[in-house]
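The numbering used here applies: residue 1 is where the sequence shown begins, and numbers increase by one.
Be aware that one or more of the hints could be misleading.
BS3-like mimics (lysine-lysine), calculated; alpha carbons at most 30 Å apart, straight line [claimed, not checked]:
1. Lys213 - Lys327
2. Lys267 - Lys362
3. Lys334 - Lys147
4. Lys147 - Lys213
5. Lys270 - Lys213
6. Lys267 - Lys213
7. Lys334 - Lys270
Hints listed in this document are in silico derivations from the structure and should not be mistaken for laboratory results.
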Amino acid sequence: MPNFAFKKLGDIPFLASLSQLQIAEITTSLSAISLQSSAVLLAGNSLDHTVFIVIEGVLCFHSADGRRSAPLECVGSIICRANIPAEVSVSMPLGGSALIFSGDMDKDTGFLDLMRRFAPRIPNLPFVFSDEDPPDLILLNRLLGTKQFDHGIDLGCGGGRLSQALLGRVGRMTMFDRNPVVLSEAKSTLKFAGNGKNIQLVSGDFHSLPFQKGSFDLVASRLAVHEAYSPRFILEQAFQVLQSNGVLAIVDVIPPSGVESVELFEKIEKTLDARFGGAETLPSWRDLMESVGFSDIEINCTRIRRTLEDRPGCAASRDQCLEVFSKASSIALKELAVVGLSENRNTVDVSWIDTRIVIIAKKSLYE
Numbered sequence: 001m002p003n004f005a006f007k008k009l010g011d012i013p014f015l016a017s018l019s020q021l022q023i024a025e026i027t028t029s030l031s032a033i034s035l036q037s038s039a040v041l042l043a044g045n046s047l048d049h050t051v052f053i054v055i056e057g058v059l060c061f062h063s064a065d066g067r068r069s070a071p072l073e074c075v076g077s078i079i080c081r082a083n084i085p086a087e088v089s090v091s092m093p094l095g096g097s098a099l100i101f102s103g104d105m106d107k108d109t110g111f112l113d114l115m116r117r118f119a120p121r122i123p124n125l126p127f128v129f130s131d132e133d134p135p136d137l138i139l140l141n142r143l144l145g146t147k148q149f150d151h152g153i154d155l156g157c158g159g160g161r162l163s164q165a166l167l168g169r170v171g172r173m174t175m176f177d178r179n180p181v182v183l184s185e186a187k188s189t190l191k192f193a194g195n196g197k198n199i200q201l202v203s204g205d206f207h208s209l210p211f212q213k214g215s216f217d218l219v220a221s222r223l224a225v226h227e228a229y230s231p232r233f234i235l236e237q238a239f240q241v242l243q244s245n246g247v248l249a250i251v252d253v254i255p256p257s258g259v260e261s262v263e264l265f266e267k268i269e270k271t272l273d274a275r276f277g278g279a280e281t282l283p284s285w286r287d288l289m290e291s292v293g294f295s296d297i298e299i300n301c302t303r304i305r306r307t308l309e310d311r312p313g314c315a316a317s318r319d320q321c322l323e324v325f326s327k328a329s330s331i332a333l334k335e336l337a338v339v340g341l342s343e344n345r346n347t348v349d350v351s352w353i354d355t356r357i358v359i360i361a362k363k364s365l366y367e
């Protein structure tokens, strides 16, 4: 075994608490291996009991739906199926070295049991979003063109999906949400993705923004304004904290055109989120923007297929949503392009089409 392998053992937190005799016993059951680029340590859903201690290189985690983490510094990390979710794969994109310990070798030392007992579990591993953003964020970035901003704010940031999409064009980002736990998780996700720098977390109610007038040159919000008791008031708040010549970027849902489909749309939204206060129509959005004082208003729409898994909390509302769909008329189901319902309308693979509005506007230089 190469000497550098032994030098790293004492750097592993729980191994540092063991005696030299115990470590000596453990090392007799370890092998050192060199790993080529893109080597897979653990394959998703495998029953492999091999344990790796990384001594050189970085890791990437891969989810079953194609998402991946940014490369992570990981010297001293313990990688085994006991502390990695079953569906997750682990690779070393640049290659490296690791100590390898097979469960078959665990006869005398009990090392594998120690690993499984003390290795940190990762129950909710945060993944980078897929390389291709959803249609609404693709459209938003296209409308923003080459614009760059000094300080942006993401109002009602939730899991941070909008912030993630905008970080490449914003020097500093303030993530604002009423839920401090959600804020912390969102920042962890961005940090995990290699985008945790220059982010400020602020918890509060977006009906009363705690910022001075003209604090930001970009105010953005995605799928949050419809939760407000007064969308106009939220736009007025945004107008106040936006600098002159600053940009407002809004993404939100709009209702379908048919009477029956509007009823189904509202029932589903309220089932998924009790805070849903109703969605503005396309014409009312323009009226609102103009009445608040925004100019150079550019409004576009796109469509996105939604499932009961695409937002936090959706799965918890699965049965209620399926009940709503089961009682909907055939006309409403057709207008929302609902698919995946079986003849008895009880399948969990249901999906439907949302129409989303993407708005870019400016605060006049002379305001």
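Each hint, compared with the structure:
1. Lys213 - Lys327: The given pair, whose Cα atoms are some 48 Å apart, is violated under the 30 Å limit.
2. Lys267 - Lys362: violated (34 Å)
3. Lys334 - Lys147: violated (39 Å)
4. Lys147 - Lys213: Between Lys147 and Lys213 the Cα gap is close to 22 Å, so the pair holds against 30 Å.
5. Lys270 - Lys213: Given that 30 Å is the threshold and the Cα spacing comes to 33 Å, the pair is violated.
6. Lys267 - Lys213: violated (37 Å)
7. Lys334 - Lys270: holds (20 Å)
Hints 1, 2, 3, 5 and 6 from the list above are not met by this structure, while the remaining hints are.
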